[in-house]
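S.K.: Line by line, the protein sequences are chains A and H.
Everything in the first sequence is counted per our numbering, starting at 701 for the first residue and increasing by one.
Everything in the second sequence is counted per our numbering, starting at 4 for the first residue and increasing by one.
Interface residues of chain A toward chain H, partial, derived using beta-carbon atoms under 7 Å:
#1 Y731
#2 G740
#3 G742
#4 L743
#5 Q745
#6 Y748
#7 A797
#8 G798
#9 Y800
#10 G807
The set of hints was computed from the structure by calculation and includes no laboratory data.
Where is the CB? At the ideal position from N, CA and C, for every residue including glycine.
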Amino acid sequence: EAQVTQNPRYLITVTGKKLTVTCSQNMNHEYMSWYRQDPGLGLRQIYYSMNVEVTDKGDVPEGYKVSRKEKRNFPLILESPSPNQTSLYFCASSWSAGSYEQYFGPGTRLTVT
Amino acid sequence: AQTVTQSQPEMSVQEAETVTLSCTYDTSENNYYLFWYKQPPSRQMILVIRQEAYKQQNATENRFSVNFQKAAKSFSLKISDSQLGDTAMYFCAFRSRGGSQGNLIFGKGTKLSVKP
Numbered sequence: 701e702a703q704v705t706q707n708p709r710y711l712i713t714v715t716g717k718k719l720t721v722t723c724s725q726n727m728n729h730e731y732m733s734w735y736r737q738d739p740g741l742g743l744r745q746i747y748y749s750m751n752v753e754v755t756d757k758g759d760v761p762e763g764y765k766v767s768r769k770e771k772r773n774f775p776l777i778l779e780s781p782s783p784n785q786t787s788l789y790f791c792a793s794s795w796s797a798g799s800y801e802q803y804f805g806p807g808t809r810l811t812v813t
Numbered sequence: 004a005q006t007v008t009q010s011q012p013e014m015s016v017q018e019a020e021t022v023t024l025s026c027t028y029d030t031s032e033n034n035y036y037l038f039w040y041k042q043p044p045s046r047q048m049i050l051v052i053r054q055e056a057y058k059q060q061n062a063t064e065n066r067f068s069v070n071f072q073k074a075a076k077s078f079s080l081k082i083s084d085s086q087l088g089d090t091a092m093y094f095c096a097f098r099s100r101g102g103s104q105g106n107l108i109f110g111k112g113t114k115l116s117v118k119p
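With the rest of the complex left out, here is chain H:
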């Protein structure tokens, strides 16, 4: 069974600085997707960035980028130029590309606080 581990329950960063959130996962599969979701106080699940496992190039979306290390099963999220609006829970998630259940496997989350 796949598992996703986020080892940092809480983190804080000063506005305009850079922060990295850690995520490791365990799977025996070769074809899968990885995601980072943001959950602000509104509780909406917002997709931040995603990565296909077969792509070696790390995904980037504006101030958000990932460091995908497939052999190490690591998928960290880097937020550059942190803004107050980045304050939220962040979840790392895994989805099998060939699985029949189709579920996202989520980590327990990292609560990020951006301080002015």
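So here's chain A without its partners, still in its complex pose:
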């Protein structure tokens, strides 16, 4: 089954404690990205990756890092989380940046206290 998986699905942490949210896809997609969703703001892109070792900032990259060492994985790293990063996070993948179809992961609910 074609899918994008994220872990963990729920996370409560404290300010400053480094965390990683994993994302993996099994469709051999070249393009992957991360979004955050906040009430009243819709979804906004954090980072994206066109292929292995190729990443770039999206619209709201501050406070986040990513890496793309393997094609299937695209982890989101928060080196020093702050309360304003409390949000719902989605990973997504597609064949390319201009593809008709994009697959979303199930979301990760992060709370930073």
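Given chain A's structure and the hints, the job is docking chain H onto it.
M.R.: Same frame as chain A, now just chain H:
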């Protein structure tokens, strides 16, 4: 920069009736895609329907159809025979076909409640 606007924060409809959700967008591009996503309480993003800008024919998927007006930059979603399971947030989204960033530009969403 592209923008997507959903002017109806909340809507309600009686079960079995028809409801239309509005979406307008702004872009200078000619090749793009438009989408409607459903987000139920489970928070999963579910693709409802999509439209390629070069296609004049409006997309339909069972009870869901769109009214795509390219010149007016309008992309509304019509839900026929509304069901209780249609209760969800609905997001309109734009994606450039030739863009390098590849991001979906989302509207702020419309919360739809289907009442029995």
